[in-house]
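Engineer: For reference, the chains in residue letters:
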Amino acid sequence: RKEVEQDPGPFNVPEGATVAFNCTYSNSASQSFFWYRQDCRKEPKLLMSVYSSGNEDGRFTAQLNRASQYISLLIRDSKLSDSATYLCVVNGPYNFNKFYFGSGTKLNVKP
Amino acid sequence: DTEVTQTPKHLVMGMTNKKSLKCEQHMGHRAMYWYKQKAKKPPELMFVYSYEKLSINESVPSRFSPECPNSSLLNLHLHALQPEDSALYLCASSQGQGDQPQHFGDGTRLSIL
Chain B
1 RKEVEQDPGP
11 FNVPEGATVA
21 FNCTYSNSAS
31 QSFFWYRQDC
41 RKEPKLLMSV
51 YSSGNEDGRF
61 TAQLNRASQY
71 ISLLIRDSKL
81 SDSATYLCVV
91 NGPYNFNKFY
101 FGSGTKLNVK
111 P
Chain V
1 DTEVTQTPKH
11 LVMGMTNKKS
21 LKCEQHMGHR
31 AMYWYKQKAK
41 KPPELMFVYS
51 YEKLSINESV
61 PSRFSPECPN
71 SSLLNLHLHA
81 LQPEDSALYL
91 CASSQGQGDQ
101 PQHFGDGTRL
111 SIL
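Here the protein sequences line up with chains B and V, keeping their order.
Sequential numbering of the first sequence, starting at 1, is according to my numbering.
Sequential numbering of the second sequence, starting at 1, is according to my numbering.
Excised from the complex, chain V in its bound form:
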């Protein structure tokens, strides 16, 4: 069982919809991440929060809006997405220091109609 929980597992939305992806971890990790992964490609970093502050934005389009309400929660708000945004969205967390690895949630599979 994963210690990083993502909801929903699957999401189908139209290009005009607004939806949110949610991620939660209770490992006391101080860094949380959003990745986008297309088939047969490695995860592609979108955002990093460190101590609840946005520390990395990999030039992600503004139709993706991250939010970190507290140290355990991470949201990704979606609005006016394009068909090419269909992908697996992965949340991860890490202690954010030293040689500690990331731990991934099992992802949200997003389809844009």
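Same shape as in the complex, but just chain B:
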């Protein structure tokens, strides 16, 4: 079983839509959780860290559910510029220097 699993999509949504992605992780002792976005042929860029209490940054909201071992990312009022691949990344638990990547979820926002 993979350490981190994501639905590869693509998710095709119209501008202004709300879209949500989930990501599951296999090790219940995992410590830290992150969402990155990656544009085609570019490097991954940190979108947000995911805290136990959940966190929000503008149109983006991330949640952590430790009991069910998943994290989620909600994007409200989608913009064309949100089109990208969203990578779920999990860190730990035994080595803070080891990060496990999901395969990524592709989002296409259409006009």
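Hint data in this document are derived by calculation from the structure and do not stem from the laboratory.
Quick caveat, the model's predicted, so the values are computed rather than measured.
Please note that the accuracy of each hint is not assured.
Straight-line Cα separation of at most 25 Å, DSS-like style, residue types lysine-lysine; simulated pairs [unchecked claim]:
#: 1; chain 1: B; residue 1: K2; chain 2: B; residue 2: K98
#: 2; chain 1: V; residue 1: K38; chain 2: B; residue 2: K98
#: 3; chain 1: B; residue 1: K42; chain 2: V; residue 2: K40
#: 4; chain 1: V; residue 1: K36; chain 2: B; residue 2: K106
#: 5; chain 1: B; residue 1: K42; chain 2: V; residue 2: K22
#: 6; chain 1: B; residue 1: K98; chain 2: V; residue 2: K53
#: 7; chain 1: V; residue 1: K40; chain 2: V; residue 2: K9
#: 8; chain 1: B; residue 1: K79; chain 2: B; residue 2: K45
#: 9; chain 1: B; residue 1: K2; chain 2: V; residue 2: K40
#: 10; chain 1: V; residue 1: K36; chain 2: B; residue 2: K45
#: 11; chain 1: B; residue 1: K79; chain 2: B; residue 2: K2
Dock chain V against chain B, hints included.
Structural biologist: Below, chain V without anything else, positioned relative to chain B:
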């Protein structure tokens, strides 16, 4: 602008060449990473340096040789590469503790002829 700088941005080399990829960060991070990424796949971990010592080698072939001259610099020496080694090579750094994320450079796009 990225705080992790990689050079060169693009590299084309023959299978008999020797070249090096370079990475630099000035964020005081103590962990540095090399990843390989193929199209439509997530980054694949190659090496991790923690406090300038190699801490993880993900069974990478010896034609890839990492080096960490100091806490800010990370090199990847390449020799006798194969066409299947063509990929985007990403360097990243992190504080190496707690819940701190990685920060990526913009990568070197490597093509092996």
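Engineer: Starting from K42 (chain B), check that the Cα of K40 (chain V) is at most 25 Å away, please.
Structural biologist: Distance ~12 Å between K42 (chain B) and K40 (chain V) Cα, so the pair holds.
Engineer: Take the C-alpha atoms of K2 (chain B) and K98 (chain B), compute the straight-line distance between them, and say whether it is at most 25 Å.
Structural biologist: With a Cα-Cα distance of about 14 Å, the restraint between K2 (chain B) and K98 (chain B) holds, given a limit of 25 Å.
Engineer: Assess, step by step, whether the Cα of K98 (chain B) is no farther than 25 Å from the Cα of K53 (chain V), and give holds or violated.
Structural biologist: Holds: K98 (chain B) and K53 (chain V) sit about 15 Å apart, inside 25 Å.
Engineer: Does the alpha-carbon distance linking K36 (chain V) and K106 (chain B) stay inside the 25 Å limit?
Structural biologist: holds, 20 Å
Engineer: Taking 25 Å as the top limit, are the C-alpha atoms of K79 (chain B) and K2 (chain B) close enough?
Structural biologist: violated, 31 Å
Engineer: Has the given pair, K42 (chain B) with K22 (chain V), been kept, meaning a C-alpha gap of at most 25 Å?
Structural biologist: Satisfied, since the Cα-Cα distance of roughly 17 Å is no more than 25 Å.
Engineer: Holds or violated: K38 (chain V) with K98 (chain B), Cα cutoff 25 Å?
Structural biologist: Holds, at about 20 Å.
Engineer: Are the Cα positions of K79 (chain B) and K45 (chain B) separated by 25 Å at most?
Structural biologist: holds, 17 Å
Engineer: Within 25 Å, alpha carbon to alpha carbon, are K2 (chain B) and K40 (chain V)?
Structural biologist: holds, 17 Å
Engineer: Given the hinted pair K40 (chain V) and K9 (chain V), is their Cα-Cα distance within 25 Å?
Structural biologist: holds, 19 Å
Engineer: Between K36 (chain V) and K45 (chain B), does the CA-CA distance stay at or below 25 Å?
Structural biologist: It holds: about 16 Å lies between the C-alpha atoms, which stays within 25 Å.
Violated hint for the displayed structure: number 11, the only one.
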